[in-house]
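**Q** Put together the whole structure using the sequences plus the hints.
Quick note: the sequence shown uses the numbering used here, first residue 1, plus one each step.
If you are wondering where the hints come from, they were derived from the structure by calculation, not from laboratory data. All residues carry an ideal CB built from backbone N, CA and C; glycine is no exception. Please note that the accuracy of each hint is not assured.
Said to hold, decoys possible - Estimated spans, in silico, between C-beta atoms of each pair: (1) Gly149 to Asn206: 20 to 28 Å; (2) Glu200 to Glu105: 39 to 47 Å; (3) Asp94 to Asp42: 17 to 25 Å; (4) Tyr248 to Ile220: 24 to 32 Å; (5) Glu200 to Glu140: 23 to 31 Å; (6) Gly146 to Lys239: 41 to 49 Å; (7) Ala193 to Asn116: 18 to 26 Å; (8) Asp249 to Arg51: 23 to 31 Å.
Unchecked claim - Distance condition first, Cα-Cα at most 25 Å in a straight line; then the derived DMTMM-like pairs of lysine to aspartate or glutamate: (9) Lys230 to Glu39; (10) Lys71 to Asp249; (11) Lys139 to Glu200; (12) Lys187 to Glu237.
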Amino acid sequence: MRSFVLLFGLALLLHLQACQRKAVPTLTVPQAIKTVDIEEIDFGYMHGKARMVFRDDKREREVKANIRIRKDSVIWMTFSVVGVQGGKALINRDSITVVSNVDKEYYVFDYKELSNRFNFEINYSVLEAAMLGNLIRAKETTDEIGRSGNFDVLLQHENTVTIKSIINPIIKKIEKVELVESNTNNKLMLEYANFQPLGEKNLPYNGVVSVFYKTTAGLINNTITFEYNKIEIGDKELKFPFNIPKRYDRR
1 MRSFVLLFGL ALLLHLQACQ RKAVPTLTVP QAIKTVDIEE IDFGYMHGKA
51 RMVFRDDKRE REVKANIRIR KDSVIWMTFS VVGVQGGKAL INRDSITVVS
101 NVDKEYYVFD YKELSNRFNF EINYSVLEAA MLGNLIRAKE TTDEIGRSGN
151 FDVLLQHENT VTIKSIINPI IKKIEKVELV ESNTNNKLML EYANFQPLGE
201 KNLPYNGVVS VFYKTTAGLI NNTITFEYNK IEIGDKELKF PFNIPKRYDR
251 R
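**A** Right, here's the structure in full:
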């Protein structure tokens with residue numbers, strides 16, 4: 001079940017939690033530029049499939065996922081391993097619910113509690129943006145922008161977390177995002193590749209989510225590799241059936 005939680009970046013972000021608040025050092029980018037242009041994918045409804053591989057220091061697990069999204073509203077997923085449905089998830093603007101059919105248990109996450117815990121605002125929009133390769137934090141006038149080599153760079157700060165987005169200026173898409181917590185130096189990294197047309201915009205069909213954090217046992221690295229396929233968008237309404245069997249335990 002922990003692997004399903006990792007899917008949403010929640011368990012990963014837990015390791016970005018600050019031990020105490022302190023000022024975030026100002027970072028600079030090499031060559032200043034006036035603006036940075038980022039193309040963000042938009043739609044009414046989206047549905048498709050994905051192959052996902054979860055890796056930690058002990059094991060590797062591959063799952064297949066069916067995905068449905070109503071933009072700015074809800075994300076619905078079912079997971080299967082070797083053709084057997086192993087779990088499902090429902091993410092909406094109020095909460096995140098993850099169900100394990102294997103363990104007969106479920107988890108419910110509250111955004112406010114999670115945001116307070118990591119010292120970084122986590123909401124539905126952040127999770128949806130991470131899945132689509134969009135900005136996980138809206139641009140503001142206080143952001144720093146510049147050029148590094150052939151890429152544009154956007155630096156943003158929130159409490160003790162610094163967010164660095166690397167943008168390909170030719171296709172106007174984010175190729176890499178790094179979130180670093182200044183007290184612990186723990187890091188969450190999102191990498192996107194294989195951009196393909198979806199409607200009038202491009203979607204990254206491949207990506208990697210990596211977390212690097214320190215424990216008493218040493219440096220830990222967990223990753224999620226995903227590959228989308230058969231993705232379609234449109235305005236046709238989709239259904240999001242979701243129920244939790246009464247015999248399942250809440251964790």
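**Q** Each of the hints needs a verdict: does it hold here or not?
**A** Hint-by-hint comparison with the structure:
At roughly 22 Å, the beta-carbon separation of Gly149 and Asn206 lies within the given 20 to 28 Å, and the hint holds. The beta-carbon spacing between Glu200 and Glu105, approximately 42 Å, falls within the hinted interval of 39 to 47 Å. For Asp94 paired with Asp42, a C-beta distance near 23 Å keeps the hint of 17 to 25 Å intact. For the pair Tyr248 and Ile220, the supplied restraint of 24 to 32 Å holds, since their beta-carbon distance comes to about 29 Å.
Distance hint for Glu200 and Glu140: a CB-CB separation of about 26 Å, consistent with the stated range 23 to 31 Å. Distance hint check: the CB atoms of Gly146 and Lys239 are about 45 Å apart, consistent with the given range 41 to 49 Å. The hint said 18 to 26 Å for the Cβ distance between Ala193 and Asn116, and at roughly 34 Å that hint is violated. For the pair Asp249 and Arg51, the supplied restraint of 23 to 31 Å holds, since their beta-carbon distance comes to about 29 Å.
Taking the CA atoms of Lys230 and Glu39, the gap is near 21 Å; set against the 25 Å cutoff, the hint holds. For the proposed pair Lys71 and Asp249, the alpha carbon gap of about 30 Å is over 25 Å, so the pair is violated. Under the criterion of a C-alpha separation no larger than 25 Å, the hint pairing Lys139 with Glu200 is consistent with the structure, at around 22 Å. Our distance criterion of 25 Å between C-alpha atoms is broken by Lys187 and Glu237, whose separation comes to about 38 Å.
Violated hints for the displayed structure, listed by number in ascending order: 7, 10, 12.
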